[in-house]
Amino acid sequence: MWDYTDKVNDHFKNPRNVGKIENPDGTGEVGSLACGDALKLMFKLDDKGRIKEAKFQTFGCASAIASSSALTEMIIGKTLDEVEKITNKDIAEYLGGLPKQKVHCSVMGREALEAAIYNYRTGKKWDKELEGEVVCHCFGVTDKEIERVTRENNVQTLEALTNACKAGGGCGNCLPDLQKIIDRVHGEMGAAAVPEKKPLTNLQRIHLIEDVIDREIRPALRQDGGDLELIDVDGNTVKVRFRGACSGCVVSAITLKDVVEARLKDNVSEDIRVEEVK
Amino acid sequence: MRTVYLDNNATTKIADEVRDAMMPFLTDLWGNPSSMHTFGGQVKKYIEAAREQVAALIGAADPQEITFTSCGSESNNLAIRGGAEAMDKPPHIITSKVEHAAVSGPCHYLEDRGFRLTKIDVDQLGRLDLDALRREVKTSKTLTSIMWANNETGVIFPVGLIGEMVHEAGGIFHTDAVQAVGKIPMKVSSLPVDMLSLSGHKLHAPKGIGAIYIRRGTKVKPLVLGGHQERGRRAGTENVPYIVGLGVACALAGKHLTEENTRVKAMRDRLEQGILATCPGARVNGDPKHRLPNTTNISFDFIEGEAILLMLDDRGICTSTGSACASGSLEPSHVLRAMNVAGVSVHGSIRFSFSTYNTDEDVDAVLTELPKVVKRLRELSPFVN
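Protein chains in written order, with numbering that gives the first Met the number 0: chain A, 0 to 277; chain B, 0 to 384.
Careful: at least some of the hints might be erroneous.
[Said to hold, decoys possible] With a straight-line Cα cutoff of 25 Å, these simulated DSS-like cross-link-like pairs (lysine-lysine) come out:
{"hint": "1", "chain 1": "B", "residue 1": "371", "chain 2": "A", "residue 2": "12"}
{"hint": "2", "chain 1": "A", "residue 1": "77", "chain 2": "A", "residue 2": "123"}
{"hint": "3", "chain 1": "B", "residue 1": "374", "chain 2": "A", "residue 2": "54"}
{"hint": "4", "chain 1": "A", "residue 1": "19", "chain 2": "B", "residue 2": "96"}
[Said to hold, decoys possible] Beyond 10 Å from chain A on every Cβ pair, some chain B residues (computed):
{"hint": "5", "residue": "43"}
{"hint": "6", "residue": "63"}
{"hint": "7", "residue": "86"}
{"hint": "8", "residue": "113"}
{"hint": "9", "residue": "232"}
{"hint": "10", "residue": "255"}
{"hint": "11", "residue": "286"}
{"hint": "12", "residue": "313"}
{"hint": "13", "residue": "342"}
In case anyone wonders, no lab produced these hints; they're calculated from the structure.
Glycine included, C-beta positions come from ideal geometry on N, C-alpha and C.
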């Protein structure tokens with residue numbers, strides 16, 4: 000059973016802006032039946048160049064529907080320059096986080112947005128194959144897309160890449176090529192994000208810990224009215240303080256081990272130990 | 000909200016009779032059946048009574064052919080790994096493409112260790128390619144493991160025919176009958192089956208108990224080594240309360256067998272026909288002629304299974320789906336893929352599986368709610384409008 004946030008469930012059960020727009024200014028269609036999810040996004044601009052109306056149709060699971068619905072809410076009232084900056088992480092964060100296997104649903108949203116803007120600007124139908132070379136043939140994912148997803152999500156592992164954009168989730172023949180792209184992107188990104196295999200410097204390690212806490216742990220705690228603050232990193236020991244409903248919660252010790260420590264072990268390194276500072 | 004439980008191929012309610020029979024062994028009769036003293040030793044006869052009840056349900060000639068395990072997966076592991084290791088020469092492992100992970104897992108384990116593994120295809124109705132099987136079993140001495148009935152579609156394989164082919168070529172035949180036991184009548188003593196796995200929680204016993212039938216004369220190397228329990232086939236102090244529970248569950252299943260194939264089947268058929276009549280673009284997956292009486296697997300074109308499942312869940316209806324999105328993998332059910340289910344519907348399958356505890360009201364509830372769910376998701380789908 001998925002641990003969907005209340006916001007995901009709400010957008011799934013009561014999706015906003017479902018449907019089509021007559022004579023839209025931009026239309027973006029991504030995904031396919033065979034891939035298991037697909038999204039058609041349409042928007043119309045007002046005379047100031049802001050999106051005044053956005054509608055969607057989605058074939059897919061609960062988080063695909065919720066991501067699409069959230070996206071329409073996020074873009075209405077904004078200019079194209081503003082919405083162009085929306086990443087899949089923004090969509091996931093808007094929903095209070097997505098299970099890691101479902102990150103690709105937010106990527107589909109961002110892609111549809113990109114496709115719709117392309118359609119508005121060129122009048123042509125967006126074809127991602129024009130923008131790069133297909134690397135994962137099972138799911139039709141291009142190198143450009145893989146690079147972008149790796150960069151925007153600080154993807155470190157093949158598994159995380161597959162979760163984010165499906166690449167490598169089928170026959171697995173492309174896995175060596177995917178690894179090369181991940182390595183190359185991290186090379187280009189420099190010190191900020193080094194693949195897991197290479198030892199991290201202390202600074203990189205602290206950045207990564209901060210990133211995981213902000214991206215994965217705090218949204219989950221906030222769901223239950225709690226929060227957490229990073230106090231210090233001392234070698235492998237991460238010191239944190241619980242906030243809100245978490246402080247004084249009878250199960251905070253379990254949260255500390257099963258949520259905070261487990262996520263950090265998964266994402267940073269196995270030898271991380273988390274201590275609570277009261 | 001009333002819970003409508005139609006996921007009995009996943010697990011079943013513990014029958015009251017089963018729970019009541021277990022209680023004395025969770026309270027007063029807690030002794031070790033291997034003990035010399037009366038207090039412990041008296042428990043042994045209840046284990047043997049349970050063994051007879053299991054043997055009776057599957058029609059084994061001798062209760063000693065039944066070994067208790069912790070679950071269906073353990074039974075499958077014992078049969079495949081223990082069976083292969085006990086053979087004089089490493090056998091050619093043959094299985095199907097639609098097995099449960101509890102069978103394909105140990106088969107791949109052996110493949111990784113140098114055993115030759117062949118997986119037999121199924122056709123669009125989920126029927127086994129018997130010609131391919133016949134060719135493969137002849138190539139060398141095999142350990143063939145083919146399920147009796149499929150957990151996702153309910154399709155029943157002709158185990159008698161399969162066993163004959165395997166035996167003619169000198170191989171050993173195991174069948175994972177976890178979904179079949181208690182749902183269809185069987186008499187293993189007159190079938191060419193060497194080993195058969197079953198699981199307690201699929202037939203109203205609790206989780207954590209299973210059994211394996213090992214025909215007299217079939218060699219199996221134990222996986223759990225230690226004491227002499229279960230005639231040396233499975234060490235470890237017996238899980239007495241659960242063994243007793245499994246025995247009673249098997250006796251109950253025997254009693255309900257006729258009902259399973261009449262009243263339960265009628266509910267399943269009414270649900271299936273009702274869905275096909277009220278939901279356009281719905282189609283049944285699996286051979287309608289050879290199918291468990293309690294199972295139907297239905298695909299809905301252009302909508303996705305997890306979304307259907309969660310919307311039904313919201314209305315108190317429990318089902319399961321072969322959709323990729325629900326499993327965390329990206330590929331839909333290996334069973335539906337092996338059957339080449341069309342792209343428009345492979346991601347939109349829902350399995351409904353009944354038990355004797357279901358009622359006509361359950362069928363009515365689904366027939367009221369499901370068409371609304373399907374209609375709603377079709378409104379959302381870009382492929383419909």
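Outcome of the hint check:
A threshold of 25 Å between alpha carbons decides the hint, and for residue 371(B) with residue 12(A) the separation of about 13 Å falls inside it, so the pair holds. For a cut-off of 25 Å, the pair hint linking residue 77(A) to residue 123(A) stands: about 22 Å separates their Cα positions. Simply put, residue 374(B) and residue 54(A) have alpha-carbon atoms about 19 Å apart, close enough for the 25 Å limit, and the pair holds. For a cut-off of 25 Å, the pair hint linking residue 19(A) to residue 96(B) is broken: about 42 Å separates their Cα positions.
Separation of residue 43(B) from chain A is adequate, the least Cβ-Cβ distance of about 41 Å exceeding the 10 Å criterion. In this structure residue 63(B) is separated from chain A by more than 10 Å, as the shortest Cβ-Cβ distance comes to about 41 Å. With a minimum CB-CB distance of about 32 Å to chain A, residue 86(B) clears the 10 Å threshold, and the non-interface call stands. Residue 113(B), annotated as away from the interface, keeps every beta carbon of chain A farther than 10 Å; the closest lies near 22 Å.
With 10 Å as the threshold on Cβ separation, the claim that residue 232(B) sits away from chain A holds: the shortest Cβ distance comes to roughly 36 Å. Consistency note on residue 255(B): stated as away from chain A, and its beta-carbon is indeed over 10 Å from all of that chain's, at 30 Å minimum. For residue 286(B), the requirement that its beta carbon stay farther than 10 Å from each beta carbon of chain A is met, with the minimum near 24 Å. Remark: the non-interface label on residue 313(B) conflicts with the geometry, its nearest Cβ contact in chain A lying 7 Å away (cut-off 10 Å).
Remark: the non-interface label on residue 342(B) conflicts with the geometry, its nearest Cβ contact in chain A lying 5 Å away (cut-off 10 Å).
Against the hints set out earlier in the document, violations occur for numbers 4, 12, 13.
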